[in-house]
Every structure is written in C-alpha cells, then in structure tokens.
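K.L.:
Sequence:
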Amino acid sequence: MTIGTNPSGFKSGKSFGHEKLRFRNGRVRPASFICYKEEKGLTYERQGRRVYQIEYESKKISDAGILQLLDVTSCPEKKMHFIFYEKFDRFLFGNWFKNHPNGMRDQHGDIKPWVQDSIRDVMVTIKNMLNRRLLHSGLGDLKNYVIAEGKIKIINIMSSWEDLVDPQKLKNGEDVQTLVGKRSLNSLTRKEITSVKKLWQTLLKSDNAWPERDYFLSIFDQNLHPWDVHIEKIITHPFLKTSEGRVKYFSEIHRQHMTDSIPRPDVFYKAIRNHFGKYRGTINSVNMSRQLKALYTSDTYGKPITYGNTILGLLRFLRNAYEHRGADFPVCDLDREIRKHWPGFLEKLHEKL
1 MTIGTNPSGF KSGKSFGHEK LRFRNGRVRP ASFICYKEEK GLTYERQGRR VYQIEYESKK
61 ISDAGILQLL DVTSCPEKKM HFIFYEKFDR FLFGNWFKNH PNGMRDQHGD IKPWVQDSIR
121 DVMVTIKNML NRRLLHSGLG DLKNYVIAEG KIKIINIMSS WEDLVDPQKL KNGEDVQTLV
181 GKRSLNSLTR KEITSVKKLW QTLLKSDNAW PERDYFLSIF DQNLHPWDVH IEKIITHPFL
241 KTSEGRVKYF SEIHRQHMTD SIPRPDVFYK AIRNHFGKYR GTINSVNMSR QLKALYTSDT
301 YGKPITYGNT ILGLLRFLRN AYEHRGADFP VCDLDREIRK HWPGFLEKLH EKL
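According to the numbering used here, the sequence shown holds residues 1 to 353 in order.
Bear in mind the hints are in silico, worked out from the structure with no lab data behind them.
The structure presented is a predicted model; accordingly, all values stated were derived computationally and were not measured.
Ideal Cβ placement from N, Cα and C applies to all residues, glycine included.
Treat the hints with care, since some could be wrong.
Unchecked claim - Okay, derived cross-link-like pairs now, DSSO-like style, lysine-lysine, Cα gap no bigger than 27 Å in a straight line:
1) Lys-205 with Lys-191
2) Lys-198 with Lys-143
3) Lys-241 with Lys-340
4) Lys-78 with Lys-198
5) Lys-248 with Lys-143
6) Lys-205 with Lys-182
7) Lys-151 with Lys-182
8) Lys-151 with Lys-241
9) Lys-151 with Lys-78
10) Lys-98 with Lys-37
11) Lys-98 with Lys-340
12) Lys-98 with Lys-20
13) Lys-340 with Lys-248
Stated by the list, open to error - DEER-style ranges, computed between Cβ atoms:
14) Gly-281 with Ser-137: 43 to 49 Å
15) Asn-102 with Lys-59: 32 to 38 Å
16) Arg-273 with Lys-340: 23 to 29 Å
17) Gly-150 with Lys-278: 36 to 42 Å
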C-alpha cells in the first residue's frame, strides 16, 4: 500500500473490512483492515501518530494470540488511516461466549473446555506481552480484541517500558528499571493484569449463579507481587482446570505440604490458621454420598482413618478421595461433590500457595 490510497474494499462508515495485500515479491495475502478517522479529541494528525505507534509496538512481538500487523497506510484526502492485519472475522463482542454454538456452560452449569482454553490462551499471550516489556492500556476493552478462526486475538498495543523514559538516557546505556523504578514498573504491569478482569466480567455474564466464576474474577483483585506471580495464579486457577485437574490439585498441594515445598510457606500456613475457619470441622457435618462416605471411613486397604477437625486434615481427606476412589466414583462426580460441600476451598488454597 502507498500513502494517499485507501483500500478498494473500504466502505465509508465501516470501521473495518477485508482486502488482499500484494507484496513486492508478488505474493498475495488476504488481510483485514481497520479504519481510523478523525473523532472528538483526535485530529487526523494525532490519529496518524497513534496508528504508527501501534505499528511500531506491535512489530516487537510475534505471538499466536496477537493478531499479526502487516502494513499501515494513510489517505490524507479523506483524513483516514488504515492498519492491515492478518485476516480476522470480526471484533469481539460481549455475548460471544454465551451465544457460541458450542455453549459456555454444560448441563451441570460448569464452564466448557473451549471457554477455558480461550481464557487461558489470552492470559498466556498477555504474560508473553508483559515479559517483552510491552504495555497495552486497554486490555479490559472489547474493541482491542478480534476473533480470527475461532480464537480471541489482541490488537492495538500502544506502548512499552521504553516509552516512559527519555530515549537519550537509554542510548547512554541506563536501564529502564533504574530510571523509572522497579516498584513503579511492577505497579504499571499489575494494572495491565487487573484491567483484564473487566473483559472476563463481560464475556462470562450468566443468568444463573456461578460461584466458580466469581472466585476466578476475585483473583484479579489480589495484591500479589511480583506481577509474574499474579498472572501465573490466574493462568493456573482452578476455574481453568478440568474436573480431573481440580481434584488432583488437592493431591499436589498435600504432597507439597508433606515435602516442605509449599512455595510461600509463611503466607500459606498463616492463612490456614486464620482465614479458613468456615471449613474447619466440616468433614463430619456434610451429607456425603455413599461413595465419598466409604472413602472417609477407610483407605484403600480397608483400614479406618482419623482426619480430625483441622484444615490440613480436610486437605488429606480430599487427597485420599482422589487417590483411592473406585471405578464407581467418576472424577467429575467427585469434583462436583467437593465443590458442593466445600465451595471455594480449593480456590483459597490456590490463592495462598
């Protein structure tokens, strides 16, 4: 494309369209374009600076979850700028999960695997973007996402750590973290993470109660440092695990406890003592199914077990339930029963690890 032209597929009034890009080597590639026009507070010149800034920052990263930017062009006569991307279907919209042909929740009200994959993929992409010191400043806004081949992809990366400082100082070899301050950069990066909560609040709206979703959304508000620990907590959250993965997680946490390998032992055991009171002493008070009751009264060898009334005793019991359940107790049924009797228990353990 050249300055002074506009895409032949562009229709006035449309914010995006489709086109074929012809490269110098003769290769033709299908593409989609987004039109940037003058609007309130943004002149043609300011929009131009914005568009070329997006081009500059977007080309710093190659990631499957970020829509590849191919080219940028401007049309001064019509006061429009165009960004060309690899072809996409449409912008993301608020009911995409809910109205998807595959559905968002199964017959039990649980999140569908394809939705889990979509959320995880976006969060991994954001992690990769932040690792490259890029900043977006609009990750909670639907207009910064598109759907391409059934996948959510990010567009409109606007800035980076380097934009926060005088370029001359960087040329002199000074480090960004030293110039801006590690604490300030961590705060800015965490702000990028917490802003994504708004996106998932919109996409995961449901007509019925959904406590597992609410636990997931609450992790965005946790004051977890540094930022990479925070985003890893989101990516590995129980909400994004299968039934097998959730119940197995009790076994993994119990193993960490028994081998003194809890990642943050001071935080974890202090929370166990002070913030898990509603789960203490509940093993004997819940109405267990026949299969779960059999696991409570004996282990796999038929020997009686005493778990006591402690939180760690409950953790041990749920570990044993996973390890020793029989063929007549599918893991999905065990998972649903645990969530019924001890709602939020696994999520709180995960948060404090």
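K.L.:
Which numbered hints does this structure break?
P.N.:
4, 5, 6, 7, 9, 10, 12
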